[in-house]
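Build the full structure now, drawing on both the sequences and the hints.
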Amino acid sequence: MNQLIFDIAAWLDDTAWSTAIHESYYLYNWIEATHVLTLMLSLGILFLIDMRMLGWALPNVSATRLAERLNTPMLIGFVVMFITGILLFYAVPVRSSQSLWFRIKMVLLVVCAINAYLFHRRMTQSMSTWENAPRAPSELRKGALISLGFWTVIVLCGRFIAYDWYDCEYPQPDMVRALAGCIDGQTRF
Amino acid sequence: MNSATTRQSPIGPYPRAAIATGLLVLLLAFSFSGMRAEVWTALLPFFEWMETTWFGYVGKTWGGAFATIQAGHLVSLGVLGGAVLFSDGRLLGLYSSLPLRDVIDGSHQVFKWALAVVVFTGVFMVCGVAVKVYYLPVFWYKMLTLTVGVLFAFYVRKPLVDRDLSGVSPLVIKLTAIASIMVWFTVAATGRWIGFS
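Those protein sequence lines, which keep their order, are chains A and B.
For the first sequence, the tail end lands on 189 under our numbering, and the numbers increase by one without skipping.
For the second sequence, the tail end lands on 1197 under our numbering, and the numbers increase by one without skipping.
Calculated directly from the structure, the hints in this document are not laboratory data.
No false leads were slipped in.
If we take Cβ atoms under 10 angstroms as the criterion, some of the chain A residues that face chain B in the derived model are: (1) E32; (2) V153; (3) W165.
These numbers were taken from a predicted model, which means no experiment stands behind them.
Yeah, the Cβ is synthetic: ideal placement off N, Cα and C, and Gly gets one too.
Written out as structure tokens, the structure reads:
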């Protein structure tokens, strides 16, 4: 599996567009800045909804109506983050695919997507009973807490990717090598 | 008639906005004057001292701690941006089914907390690389935009939206919302550019 991931990443790395993005100071930084600044639209609004569900913010605004109205701008934010995230990966594919933090981030993104789906389904099923209550029911509050916690860790992992503590080009413990997908003699920056 | 309700401020009906505007003009005048170089030179020992503080020591010694605080800075900036976009979006006429007053007041509470965390984590980050950022023009642009943003948020936007908005021109409300979004976007963008410099 790790060999397959490496081969695909190495193939992407050999394409001209990957090199062009990676070597362009302005293009790479514009993409990264857009990725980070879109946090305000995607994560900022998601956290507002989560905090409302937990009763920490906007107690007088209907929780379900808030979630419904903010869904579209939040999704636009996540689409922009997703596109710019793919471009950032495409610019540095081998190192990213062999980054422990990148792999943790990808797993957590899947967990957050499942959590968001379950959260939305539960909210739609139960909205008529608590819509104007200061706090959402316990099940939804758990979902909001998971969302807040995991997204914070995703941002943390995103920051950690920039550091080389567990990079495959340096000697690492076997467990780290296994989790990061290091293959002997096969790494690139 | 109650005299307190009829008393006029000597600088007009919008004293906080007038003071903030005066401060902004002074700030801009200072930024383009020769005094700026003198003050900048005098600030170097302060920035050198910042690196010797406990924050500076932790920031320089443990990359993990620095990156964790950076993540906290990003998350709180995201929340601040979310509060600004939500509140100003409502002022611009979006999500009109949500109660205007509750959205504005509730968002402002979130904004204040997020701003406090942004400033605290920002100070920690500066301490780790104080002398480096001292020599970066973009760091000073960020400080300038942050000052403008805080003055605008608390002394221009807040007094305006605290009024009965039915008596305020819709154009003024919309211009204020657009200005607010632009100011905080500029704060975030200049902050991001520090990392590239």
